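S.K.: Could you put the whole structure together from the sequences, leaning on the hints where they help?
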Amino acid sequence: MATITAPTRTVDEILSWYNGQNPGVLTNLYRLLTHGRLGGTGRLVILPVDQGFEHGPTRSFAANPQAYDPHYHFRLAIESGCSAYAAPLGFLEAGAADFAGQVPLILKLNSHDILHEEPDPMGAVTASVQDALRLGCVGIGYTIYPGTVDRRFLYEQLASIAEEAKENGLVVVVWGYARGGEMKESKDETALDVVTYSAHIAAQLGAHIIKVKLPSAHVWDAKSKQNFEKHNIPIDTLADRVSYLVRSTFDGRRIVINSGGAAKDDESVFDEIRAIRDGGGFGSIIGRNSFQRPWDESLKFLDTIMGIYEGSIA
Amino acid sequence: MATITAPTRTVDEILSWYNGQNPGVLTNLYRLLTHGRLGGTGRLVILPVDQGFEHGPTRSFAANPQAYDPHYHFRLAIESGCSAYAAPLGFLEAGAADFAGQVPLILKLNSHDILHEEPDPMGAVTASVQDALRLGCVGIGYTIYPGTVDRRFLYEQLASIAEEAKENGLVVVVWGYARGGEMKESKDETALDVVTYSAHIAAQLGAHIIKVKLPSAHVWDAKSKQNFEKHNIPIDTLADRVSYLVRSTFDGRRIVINSGGAAKDDESVFDEIRAIRDGGGFGSIIGRNSFQRPWDESLKFLDTIMGIYEGSIA
Amino acid sequence: MATITAPTRTVDEILSWYNGQNPGVLTNLYRLLTHGRLGGTGRLVILPVDQGFEHGPTRSFAANPQAYDPHYHFRLAIESGCSAYAAPLGFLEAGAADFAGQVPLILKLNSHDILHEEPDPMGAVTASVQDALRLGCVGIGYTIYPGTVDRRFLYEQLASIAEEAKENGLVVVVWGYARGGEMKESKDETALDVVTYSAHIAAQLGAHIIKVKLPSAHVWDAKSKQNFEKHNIPIDTLADRVSYLVRSTFDGRRIVINSGGAAKDDESVFDEIRAIRDGGGFGSIIGRNSFQRPWDESLKFLDTIMGIYEGSIA
Amino acid sequence: MATITAPTRTVDEILSWYNGQNPGVLTNLYRLLTHGRLGGTGRLVILPVDQGFEHGPTRSFAANPQAYDPHYHFRLAIESGCSAYAAPLGFLEAGAADFAGQVPLILKLNSHDILHEEPDPMGAVTASVQDALRLGCVGIGYTIYPGTVDRRFLYEQLASIAEEAKENGLVVVVWGYARGGEMKESKDETALDVVTYSAHIAAQLGAHIIKVKLPSAHVWDAKSKQNFEKHNIPIDTLADRVSYLVRSTFDGRRIVINSGGAAKDDESVFDEIRAIRDGGGFGSIIGRNSFQRPWDESLKFLDTIMGIYEGSIA
Amino acid sequence: MATITAPTRTVDEILSWYNGQNPGVLTNLYRLLTHGRLGGTGRLVILPVDQGFEHGPTRSFAANPQAYDPHYHFRLAIESGCSAYAAPLGFLEAGAADFAGQVPLILKLNSHDILHEEPDPMGAVTASVQDALRLGCVGIGYTIYPGTVDRRFLYEQLASIAEEAKENGLVVVVWGYARGGEMKESKDETALDVVTYSAHIAAQLGAHIIKVKLPSAHVWDAKSKQNFEKHNIPIDTLADRVSYLVRSTFDGRRIVINSGGAAKDDESVFDEIRAIRDGGGFGSIIGRNSFQRPWDESLKFLDTIMGIYEGSIA
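Residue numbers (my numbering), protein chains in the order written: chain A, 96 to 409; chain B, 96 to 409; chain C, 96 to 409; chain D, 96 to 409; chain E, 96 to 409.
Hints in this document: simulated from the structure, not taken from any laboratory.
Incorrect hints may have been included.
Copies of the same chain are indistinguishable here, so a pair counts whether it falls within one copy or spans any two.
[What the hints assert, rightly or not] Calculated pairs, DSSO-like style, for lysine-lysine (alpha carbon to alpha carbon, straight line, at most 27 Å):
{"#": "1", "residue 1": "K359", "residue 2": "K279"}
{"#": "2", "residue 1": "K359", "residue 2": "K318"}
{"#": "3", "residue 1": "K395", "residue 2": "K325"}
{"#": "4", "residue 1": "K318", "residue 2": "K282"}
{"#": "5", "residue 1": "K282", "residue 2": "K395"}
{"#": "6", "residue 1": "K395", "residue 2": "K320"}
{"#": "7", "residue 1": "K318", "residue 2": "K279"}
{"#": "8", "residue 1": "K279", "residue 2": "K395"}
{"#": "9", "residue 1": "K318", "residue 2": "K308"}
{"#": "10", "residue 1": "K325", "residue 2": "K359"}
{"#": "11", "residue 1": "K282", "residue 2": "K308"}
None of the values given here were measured: they were computed from a predicted structure.
M.R.: Encoded structure:
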């Protein structure tokens, strides 16, 4: 196992990678990087709550009935010291005025539901850059599904949205989830080469921040596998793979954060956080694990995660 | 059976949920909530007459020949003290000047006919936000069909229309009817999880007012069923289900109203109204039951419904 | 057989139904209703010449070679005292300046040809509202095909065109022809319920004037059939059916005119005109029967038709 | 065989048919009709060079290697006294400045290649009206394929382009080639009824000048055949058919020109030119026969053709 | 084997071929033709790095880990004296400010990935002309896939982009790769007629610079083969074929450059460069061969190539 020393990056250094972006974008990136408990550390923990749209309200909120209320998530993000809160239009509209300025907001511009099964999902654009501006957001979010047959429409939609967002000084956050017919097995969607390819595509599409799942040690593409072996790229530990993910995403010149893998219990989640930290990752975006438990437990759970990123917890 | 106490909500409280919407939207919401017999109670009864387009004139109006005349419906909505009258372009154009200002109008922007059978319906956009403004409407209506294979096009069309409507101070009313191939049986379309998921999607899409069918106790999705059971969510009575619907729609922070279920006679309808009232629902949208009977009977029928909502009838 | 008294309507009364339309639209409606021999009677006879596009020049004009010349039709409409002349872009462009102001013009904005057979026809938009304005037209025409699988695209195209036309003060004339896979037999396309449903849809789409075929006594939809029977709606004579058509089209608040049915000889056509008159219809749009005969015979034929509408011929 | 006297038309008479078009269009029509050796005769010979795109450079230019050079065609059109030179964007861009003003230019706005076989061809729009204006063209060209399943998209594209072209004073030239599944045999594409229907459609779409193939005596549609027979329309000689083509194209009120049929040698081509002249046609558009031979032979070939049109050659 | 004397072209001569383009385009062409080691020779060597998007980061960069860093490629292009550096949005955004002005930049506007196999590829437009302007680029790049079933959409997309680019003074570089169902075998994609047809199409679409693969002696289309034979066009040596490619691309009036064929080792690459030089080609675009080796070797490799073009190496 490779020994990995996590980089410590200052906000100034990170902003320097975005040299050439307009001052509006830099200002909103600065807000994200300096807000909340991890402000100034170069790490981010973002609370995303789009599960009501993606999986329905019952699956999402029945475990913690307070979470049906859109104000709950604003409060959770604020109290726990998250770097930002990301959600679709409805949830942000229902609280953006009430909590104006208290936490950076990211408007998810496309969403997908599961009322019709489909092997090649395509989200719908459910809000606009203009909506993000009127709601006081620091950025917008968009999900691409690399691997789907119609991904080109998603890339074109994102390209157009991202251009408008940047012109208006908004940060562009891209969720990259590989899906579709060529991903024969579920494990292909988190294969190391697939996840890093997806992150690279998002970066090439002009994303400022990229969100992908944690990669497994599985490799989907035979030629990529040969490359990993021939060039002795370490991929055995999760920290190794996070390190490779960061490298694949412009050698660290773009912020890439992770959502959880197949974690079963809190300790597994915390171990993943440690691997992200040790592999030089930039942080986490944690939804269901955060809000599908009572308020106090949520705060404690997020406190531990931020502690690990801070280094106050080993 | 859970004992349910219906909330009494003031107009001020309801408007507070829409904090952040522009004064134009708040003004038109205020007009809706203060008009007619239920004005100020926080309840709504809306008359919708889009059946001529949706099912043809013969099925819709033969039972009450006066109803072929578009002026009839304006008069019915005004005389009965409805909160608003909703119809497609033609019907509103044929009377908006004659009855200008006498009842809040909602222009239905998309419509669907049944001259060609299709498992996954898609309405056509048959009028514009600009039409609604020139006709003096307080809002626009749009129907989504969650569950259909092409729902994303509907969501995107609605997103674009809703943004324009809000910019122009109009209230956005979304009809949510689950349809499509995954709804194997007709009963799936009114399953509790399906109806509440549809209402949640409409709310996330930025609807101010959501209209869905009354949910049955049937649950379509196995994982949602597990959640209802595991978390002891009461769903046995219609009032329970209305209560869960309100919760699913941003925990009551968005107005959700209902159309009738499979009511056979007036008493069944009235019982449904009582369940909506007792479950904390916001009111009804009642078309065919209202106008497919003679004028006097229509007035009496609507009088009873409003009486139940008011509490003057038990 | 019901005894039917044809209404006599003044121009003022008709314009009152369009209350709320802008003065530009009212002005052009007035021009249509006051032009030609039937001017002021509340009846219209319109000459449409789109057959060259729809069926090819040979089928359309070989019977009367003068009719290949676009000027011929302008002259025919003017000499015979028609209320208006309707044609596609090319035919109007070829004479609009030469006959400027002498007859109200309606520019047909979509057209369809028969060089490729298709069960669900869709016309192409071959001209614009701007074209109609520069050619001095009083209105535009558009054909919808209710019953086709893709009718929603037609409805959306019409909605957009109609909005622009109205903003510019043009009258919107909609041709409604049911077609498509669900019309199993040719006779379904002229079934009473189908024709009246089509006319109702056109009216809901905001048409000022609606043109449909004369309905037969056949009924396509079982539930509509039940309604006709249960509510004792007379449909046996053609005049009955015209009367029901007028009722279905906003109870007479929208102008609905007819093209011929399967007339074999002139007397049959004249009988149809009498039925339209007696049933309270608004007039006719007569193409092939008008121009596929020599000039003098055409004038005589149209003279008789207008005489019937006027009442000078029984 | 009918004896045919070719009309002699002046430029003034031709322009009178376009009465109502704006002065910009009339000016560019005038330029076309007065340029080159046939200037003022009412006849046109146009050099089109789009074969490089349509069939590839090898098939098009190997026979005369000088023809790979875009300047060659400008020189050929100028030297031979052609009325105009028509080509796609690239070929015009490569010489429009060098030969500015020396020959009227027509920019072909859509093109098609044969690197993928397809029964229902659709060209791609490869340049814009704005391109035509910046290159100093007198008009634009567009090819429609009547008979193809998706022809409506072509008609709509043309309608939109033609409107823009006319607003900017450009002449609209439409190529009409019947194709597609209903043209069962190759000979159907040049059937008399098909060619004249295609020309009529182009005229109805607002074309100023129409280009079709020379029609054969074959008739594709049974009903049209009956009409030819019943009404004794002469179609036996090529001159008869050209005469009928002119009649089908607004009875001569629109300029219709021809490309060659299945000519085998120069004498056959010249006989076709005589038939066009004697049938009252307006001229030719001759590509491959013009430039797929050495410079001197090309000039001689075109000299003969123009002589026939002029009448200096019998 | 034909003896070929490579042309020596000056920048002035090349610019003269683009006579009629606006001064903005001429200025940027001048910058490209005068930059780097080959500046002023009329030859170009361009570094393209779009492989991360096209094939994934692992296949592209594992062989030379420094190449994950977007700054690496800017430095390589600058140090080696390349004429320009071409890449997708993300890679250019990550360095355009840091290396502003040091090397001409070409923004690749469409890209394609291989996470879903498809016989008829279509790239996605992932950036805009406006992006190219804000990043200080001299031009934009776009890939067409002649031979694919949907190529017309690509041609239309390119036409629209190219028009906007030219209006803004940007050079238009078109990559032409034949693909699709009619290319039965892989070798068809580099057949001489296919490559030259693709280059001709790109030129007709208005490209200023065209990039295609080196053509083989295989001929795909039987009629083109007959033409090569009948007209004794030499195609045996690579220099012959480069010469024919230049001729097919407007007889040398458009810059056409090549990427490598199936070269196995550096000497084979150098031999190809010699053939391009001797056949009168305009230069090379060399990606993987350039950066998939250590820094020093890359510089040496590119030094040799430029030496061959310069003539300092035989």
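S.K.: Confirm or reject each hint.
M.R.: Now for the hints, and whether the structure bears them out:
Taking identical chains as interchangeable, the C-alpha atoms of K359 and K279 lie at most 27 Å apart only when both belong to the same chain, with a minimum of 24 Å there against 33 Å between chains. When the C-alpha separation of K359 and K318 is checked against a cutoff of 27 Å, the pair qualifies only between copies, where the shortest distance is 18 Å, while the shortest distance within a copy is 32 Å. For the identical chains of this complex, K395 and K325 are inter-copy neighbours only, at 24 Å across copies versus 44 Å inside a copy, given an alpha-carbon limit of 27 Å. With identical chains, the CA atoms of K318 and K282 are at most 27 Å apart both within one copy (18 Å) and between copies (22 Å).
In this assembly of identical chains, the alpha carbons of K282 and K395 never lie at most 27 Å apart, being 31 Å within a copy and 43 Å across copies at closest. Within a single copy, K395 and K320 get their C-alpha atoms no closer than 40 Å, and across copies no closer than 29 Å, so neither meets the 27 Å cut-off. For the identical chains of this complex, K318 and K279 are neighbours both inside a copy (17 Å) and across copies (24 Å), given an alpha-carbon limit of 27 Å. Neither within a single protomer nor between protomers do K279 and K395 lie at most 27 Å apart by alpha-carbon distance, with minima of 38 Å and 43 Å respectively.
With identical chains, the CA atoms of K318 and K308 are at most 27 Å apart both within one copy (22 Å) and between copies (23 Å). For the identical chains of this complex, K325 and K359 are inter-copy neighbours only, at 19 Å across copies versus 34 Å inside a copy, given an alpha-carbon limit of 27 Å. Proximity of K282 and K308 under a CA criterion of 27 Å is satisfied intra-copy only: 12 Å inside one chain copy versus 37 Å between copies.
Going through the hint list in order, the structure does not satisfy hints 5, 6 and 8.
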